[in-house]
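Assembling the complex is the task here: the two chains are given apart, and the hints tell you how they should meet.
Same order as they appear, the protein sequences are chains A and B.
Under this note's numbering, the final residue of the first sequence carries the number 116; numbering is consecutive throughout.
Under this note's numbering, the final residue of the second sequence carries the number 230; numbering is consecutive throughout.
Honestly, the hints are just simulated from the structure, not real lab data.
Hints may contain errors.
As the list claims (entries may be wrong) - Here are the simulated EDC-like pairs of lysine to aspartate or glutamate, each with C-alpha atoms no more than 16 Å apart in a straight line:
| no. | chain 1 | residue 1 | chain 2 | residue 2 |
| --- | --- | --- | --- | --- |
| 1 | B | K134 | B | D201 |
| 2 | B | K138 | B | E200 |
| 3 | B | K134 | A | E66 |
| 4 | A | K77 | A | E66 |
| 5 | B | K156 | A | E8 |
| 6 | B | K157 | A | E66 |
| 7 | B | K152 | B | E119 |
| 8 | A | K22 | A | D9 |
| 9 | B | K154 | B | D223 |
| 10 | B | K154 | B | D201 |
| 11 | B | K138 | B | D223 |
| 12 | B | K156 | A | E66 |
The lines below spell out each chain.
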Amino acid sequence: AQSVAQPEDQVNVAEGNPLTVKCTYSVSGNPYLFWYVQYPNRGLQFLLKYITGDNLVKGSYGFEAEFNKSQTSFHLKKPSALVSDSALYFCAVREGSSGSARQLTFGSGTQLTVLP
Amino acid sequence: DTEVTQTPKHLVMGMTNKKSLKCEQHMGHRAMYWYKQKAKKPPELMFVYSYEKLSINESVPSRFSPECPNSSLLNLHLHALQPEDSALYLCASSQDRGSNQPQHFGDGTRLSIL
Numbered sequence: 001a002q003s004v005a006q007p008e009d010q011v012n013v014a015e016g017n018p019l020t021v022k023c024t025y026s027v028s029g030n031p032y033l034f035w036y037v038q039y040p041n042r043g044l045q046f047l048l049k050y051i052t053g054d055n056l057v058k059g060s061y062g063f064e065a066e067f068n069k070s071q072t073s074f075h076l077k078k079p080s081a082l083v084s085d086s087a088l089y090f091c092a093v094r095e096g097s098s099g100s101a102r103q104l105t106f107g108s109g110t111q112l113t114v115l116p
Numbered sequence: 117d118t119e120v121t122q123t124p125k126h127l128v129m130g131m132t133n134k135k136s137l138k139c140e141q142h143m144g145h146r147a148m149y150w151y152k153q154k155a156k157k158p159p160e161l162m163f164v165y166s167y168e169k170l171s172i173n174e175s176v177p178s179r180f181s182p183e184c185p186n187s188s189l190l191n192l193h194l195h196a197l198q199p200e201d202s203a204l205y206l207c208a209s210s211q212d213r214g215s216n217q218p219q220h221f222g223d224g225t226r227l228s229i230l
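Isolated chain B (complex conformation) (with noise of 0.2 Å):
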């Protein structure tokens, strides 16, 4: 069992839809990742939430738009994804950003855009 919940699982989404993607933990942990990984691939990092606010955003398209609502979710709000943003979305939380403890990883979600 995973320590952090990724929902859905599996999304399948047209080009001009709207859908979001969320995650949670109830760790107690102040740092919150968005991973974008293809498969066979390293997990490539997209934004890090720090104690609720965006500090780090890797140049990523405004098609994804990262959400933190409180200290345990953190949701991506896609919308008009092209057919290369198929991937596994991974969300994965940490003590905070400097901390030498391990990141905690979500299941992900499997995302497919038609």
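This is chain A alone, in the form it adopts within the complex (with noise of 0.2 Å):
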């Protein structure tokens, strides 16, 4: 079996501080994990992902993510926060090694907001 958790329902941080969205998971083999984006009235929007390779990943919008294999988490980081990076953020997951036998499983998702 295969799932994520993103423990905080909520994150608030001030404008140009950093900010961190945490996601851990649980997988039998290697994990392939995405982070997306979903603005409001808007689809999800993909980040970044890590598949295999070096353990930082960068994305899009000067966001990255630690692949920490022993801690088995995949936190979103982003070393300066606008507040345009308001948004809910999920955390998704397959196992590598199924093939096309496993689908995405999504944590529930974190409300970032941005202070001015």
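Next comes the structure, spelled out in structure tokens:
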């Protein structure tokens, strides 16, 4: 079985400060990990992914995420938050070795609010 | 701009109506998905099409009927829906079902059942 947890329903951060949105996962084999963002009245927008290779992954809009195998985590980070980053963020996982057998499992989502 | 186009953006229908949601992608993707999303919740997978064939049905009630006329189009036919079916319906596509490439989502159809 595969699962993903986002322990914080809500994260508030001041504009210009660094932000972190947390994600932990559980899979039997190697994970494929993804971050998506959803703005109001929009679909999910892909930010970045980890498949293999460097543990630090850089994505769109200045976001990055660090894959930590020992802690089974894939936290999303940004050095300096913008008000426009305020949105709903989803972490997702799929077991990489499962071929087409498994679909994406999404976390419960974290609402990020960046305060001006 | 999203590469997956969904129409209509909004739909209000009565419980006895029949309507269809449409989704189109021109990225050459061979897997297409329907998701249901309630407010502030993660998307819930409904159906997966792979190479135009239905490969996953997540125990969705028969009042939802998917159709994949060709590799670029995906429809969701609706009939006799219930108020609890009111939600955002998202279409997505990916290179194929087993790919490590991300799914690309449309902006959804917001469905309200009266």
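Hint check:
| no. | hint | in the structure |
| --- | --- | --- |
| 1 | B:K134 - B:D201 | holds, 14 Å |
| 2 | B:K138 - B:E200 | violated, 21 Å |
| 3 | B:K134 - A:E66 | violated, 47 Å |
| 4 | A:K77 - A:E66 | holds, 8 Å |
| 5 | B:K156 - A:E8 | holds, 13 Å |
| 6 | B:K157 - A:E66 | violated, 24 Å |
| 7 | B:K152 - B:E119 | violated, 19 Å |
| 8 | A:K22 - A:D9 | holds, 10 Å |
| 9 | B:K154 - B:D223 | holds, 14 Å |
| 10 | B:K154 - B:D201 | holds, 9 Å |
| 11 | B:K138 - B:D223 | holds, 12 Å |
| 12 | B:K156 - A:E66 | violated, 25 Å |
The structure shown violates the earlier hints numbered 2, 3, 6, 7, 12.
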